[in-house]
Amino acid sequence: MPIRPPADPDTDRLLTAPVFIISPVRSGSTLLRAMLNAHPDLHAPHELHVRRLRVEFDTSLAEKAMAALGHTRADLEHLLWDRVLHRELVRSGKRFIVEKTPANAFVFDRLAACWPDARFVFLLRHPASIASSWYEASPDKRTPEEAAKDALRYMKAVQRARAALPGLTVRYEELTAEPEKIGRGICEFLGLPWSPELLSYGTPDVVSKGLGDWKDKIRSGSVQPGRTLPRPEEIPDVLQDMCRSWEYLP
8 MPIRPPADPD
18 TDRLLTAPVF
28 IISPVRSGST
38 LLRAMLNAHP
48 DLHAPHELHV
58 RRLRVEFDTS
68 LAEKAMAALG
78 HTRADLEHLL
88 WDRVLHRELV
98 RSGKRFIVEK
108 TPANAFVFDR
118 LAACWPDARF
128 VFLLRHPASI
138 ASSWYEASPD
148 KRTPEEAAKD
158 ALRYMKAVQR
168 ARAALPGLTV
178 RYEELTAEPE
188 KIGRGICEFL
198 GLPWSPELLS
208 YGTPDVVSKG
218 LGDWKDKIRS
228 GSVQPGRTLP
238 RPEEIPDVLQ
248 DMCRSWEYLP
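For the sequence shown, position 51 matches number 58 in my numbering, and the numbering has no gaps at all.
No lab work stands behind these hints: they were computed from the structure. Be aware that one or more of the hints could be misleading.
Calculated cross-link-like contacts (lysine-lysine; reagent style DSS-like; alpha-carbon spacing at most 30 Å) [to be verified]:
{"id": "1", "residue 1": "Lys188", "residue 2": "Lys163"}
{"id": "2", "residue 1": "Lys156", "residue 2": "Lys101"}
{"id": "3", "residue 1": "Lys148", "residue 2": "Lys163"}
Since we're looking at a predicted model, the values are computed, not measured.
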């Protein structure tokens, strides 16, 4: 299925300069989106999973008709994605939307094609901390070893996105240790004034498993300290290379 930019951005896109947080699971993306949602110009809803919204042709005639208009199935899906996000933004009354679904890392190329003016914030966290948190989120579903391997898929996708796209890289450990400094940097990157509301964001409107973090830390309404970093000997072998790549190990 060919992926391409909009033929006529002014006509084909309602959304302007959307912001995408590209991150692995359990990396602090709900905290970051809650902080950004407190900004008067940013609307950061719960995870929207728009990449899972599909368009299908029930008949060959439908496909032929759309082709005559110049639309592929991917083009129509992009129109749908744009309309859903734009509607959500308009209902918020704010200027820009922020989308943080972790699985977006697997379709970063489609996001960049769909919205050529999109801005990207890459959120990193110590890989072993991600894996531990991923296991703790559903210990009945996966072993610690399986959690590490599964989380690594997201990390590798984020790494590919960082290599392919311009954007701002933020670390969860720095965000929790110096939230004002990092928050100011993000606002500067987005061309927005600093807003102190980012530091006391209040309880997010949606805290539900599958749509964002639901733990007590995020419900507290303010930035909480991150967990102690794992010692080198506690890092699973499968995560060693990623730890070095992300400069958590020498």
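Tested hints:
1. Simply put, Lys188 and Lys163 have alpha-carbon atoms about 27 Å apart, close enough for the 30 Å limit, and the pair holds.
2. A C-alpha spacing of about 39 Å is found between Lys156 and Lys101, which places the hinted pair above 30 Å, so the restraint is violated.
3. For the proposed pair Lys148 and Lys163, the alpha carbon gap of about 22 Å is at most 30 Å, so the pair holds.
Against the hints set out earlier in the document, a violation occurs for number 2 only.
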